[in-house]
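There are 2 protein chains.
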Amino acid sequence: MLNAFYIDKLVREMRTEGFDAVLVAPGEELEFLTGFSPMLCERFQGLFIKSDGRCFYICNLLYEGEFRKALPDDVPVYTWFDGDDMAEKVKGFLEKEGLMHGVIGVGGTAQAFSLFLIADACPVTWRSGKAALERMRMIKTPSEMESLRESARIADRVFSEILDYIKPGMTEGDAASFLLRRMTELGGKRPECIAAAGANAAFPHYMGTSAVIKERDSLLLDFGCTYRGLYSDMTRMIYFGEPSARERTLYNLVRRANEEAEDLCRAGAYIPDIDRRAREVLDEMGLSHTLVNRLGHGIGYTVHEAPDIKASNPIHLEEGMAFSIEPGIYIPGEIGIRVEDIVLIGTGGEREVLNRSTKEMIVL
Amino acid sequence: MLNAFYIDKLVREMRTEGFDAVLVAPGEELEFLTGFSPMLCERFQGLFIKSDGRCFYICNLLYEGEFRKALPDDVPVYTWFDGDDMAEKVKGFLEKEGLMHGVIGVGGTAQAFSLFLIADACPVTWRSGKAALERMRMIKTPSEMESLRESARIADRVFSEILDYIKPGMTEGDAASFLLRRMTELGGKRPECIAAAGANAAFPHYMGTSAVIKERDSLLLDFGCTYRGLYSDMTRMIYFGEPSARERTLYNLVRRANEEAEDLCRAGAYIPDIDRRAREVLDEMGLSHTLVNRLGHGIGYTVHEAPDIKASNPIHLEEGMAFSIEPGIYIPGEIGIRVEDIVLIGTGGEREVLNRSTKEMIVL
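Chains as they are written, first to last, in our numbering: chain A, 75 to 438; chain B, 75 to 438.
In short, the hints are calculated from the structure, not lab data.
Take these hints with a grain of salt, some might be off.
One copy or two, it doesn't matter: identical chains are merged, so the pair holds either way.
To be verified - Cross-link-like lysine-lysine pairs, in silico, DSS-like; alpha carbons within 25 Å at most:
# : residue 1 : residue 2
1 : LYS170    : LYS143
2 : LYS165    : LYS288
3 : LYS384    : LYS143
4 : LYS163    : LYS384
5 : LYS83     : LYS288
6 : LYS143    : LYS241
7 : LYS170    : LYS433
8 : LYS263    : LYS288
9 : LYS170    : LYS288
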């Protein structure tokens, strides 16, 4: 099955970029467009989508059966054999498909070394096609917006439930397991969770599970799931016992960075201005340098997609965009604080903050 | 930690290829050279090894701490921030390291789209460096040879044990679990196993586990593990109850293809001749077209590395090479047969077939 609605959108993006074709290798992008993705091994393979909307697939003979089954009958599947010179065979296929001297944009998972071997054998120009593939689904349809809202409702609900469950003596893993299980029970798929106690939260991508939550610890919970394929993603802090004055001050600074940045979000807003606003708030205490990553990321069929909310993404918000706003303060060995919501620019161009959980400091 | 012995070998390969540097992105190759590899996300990062042997690392600010810890102090770690234009920042680092207008070979895991963005911003020429990285460790040292032998001994031993355990009524998964557990108990790491009953063996990369083994079924077992980092990989067939005349004939054909190909292996042998010999044997019954993959693959610190044993690899065997010889007959829906050993070209240039398990037809 090919996703005709999105292939049509991709073709429009390709024309803007001047691509003659786009190459999508195994991975999430291929699964999204075809409903199928095999293991990615070292043998070159991928779906080519041409600027007239027609598609073909190239793979090793080993994979032919899987793709002949996964793709419509009118999509050619060209195969090469381990005993062939891969690049020479691919050259023949690209020639047959009229792509000699063509410009081909490549998606996020294509392996570089194969493409350089092919480029040595035949005159094609490879370019990054990742941005075009991201723009293809950057503007959400009304039904996708509804799924994002429902997905955020699931996240809000499990967060309200964990407040009655979690207590000192439990581990980070106990907190994560509770949220993962409850998201699944409420109809969410692919649940994900970071639970970071105390100073562990100073690592934005913390992966541990074993630390025990102590009295006077903080607990950072960053979690989400999909609903009809679309992701939620939110972060809240929980404090056990009375926080210190410094914790209160820093928490409220992050909260204000989050809220002031969200206040700027509407159709027409310039993305670098939103990033700057949050960093200005953090800099009231000289702390924006501790926010070592982007202020936010687009979200949809993956957790991270367009549009990034950062100084180096000079575009304006549009109706149908959805993204996180997640300022933080990260001081290694001492403290980590993050407050994250998903914001949707809904029909009419106004922001909807999809997460409704309180941003008042939560002290249990 | 940097693996100085292999970086020195790589530098010699780079000179042959005319590379000014090699780029190794997160994955097995990076772990091999540095002892560490982070998650691969969409943010460009990697180790650059220059033709004078000096190294530097480029990554997003988020990952700086991990690499500062993993690498020696004299290896620069250059970072870019989400708010930067990644390609412009990388250009500055490459300029500082004297790589403008340089030729850079890239390893197996580098993501194509990032490299095209960098190439748009600065004059470097990317080439495939995968072959150079594979040649770096294609010739095994005496101590690596000893590890390959021990790893094969573990595989042989668990195969002899499963003959007393396996019986009709068990599932493919039962067979796989037994082998995985016993390889681990005998000191093997990273155990892997394909167990395919009856016609499931017609898929060379079969991934199922649930089929129940029936009377008169065949069972294909393809398995191995590492010992001190070096892999084993062997395949044998087991038949339950008297096989049909056709099964006997086809099994013996595959066995003969395996043995005649192995007989040709010694230092100086031309790899395409070895592949051709096995296919000639299969073609005595017109069946070489069912062998849809290469006859064999090199093996060492990964299961698949140089040298491939196939018509399109026109090189000669040398002392210290290790590789599989694994002819098969694959007829979808009907039958799958494979017999696989690891062959080492040992000191003196003679072949050692590392797997000693019988290739007589095994009927239980």
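Now for the hints, and whether the structure bears them out:
1. LYS170 with LYS143: Within. Shortest intra-copy distance 23 Å satisfies the 25 Å Cα cut-off; inter-copy 51 Å does not.
2. LYS165 with LYS288: So LYS165 and LYS288 fail the 25 Å test inside a copy (62 Å) and across (46 Å) alike.
3. LYS384 with LYS143: Intra 42 Å, inter 28 Å, cutoff 25 Å: neither.
4. LYS163 with LYS384: between (42 Å within a copy, 16 Å between copies)
5. LYS83 with LYS288: neither (51 Å within a copy, 51 Å between copies)
6. LYS143 with LYS241: Neither, since 51 Å and 34 Å both go past 25 Å.
7. LYS170 with LYS433: neither (59 Å within a copy, 46 Å between copies)
8. LYS263 with LYS288: Classified as neither: same-chain Cα gap 31 Å, cross-chain 37 Å, threshold 25 Å.
9. LYS170 with LYS288: neither (66 Å within a copy, 48 Å between copies)
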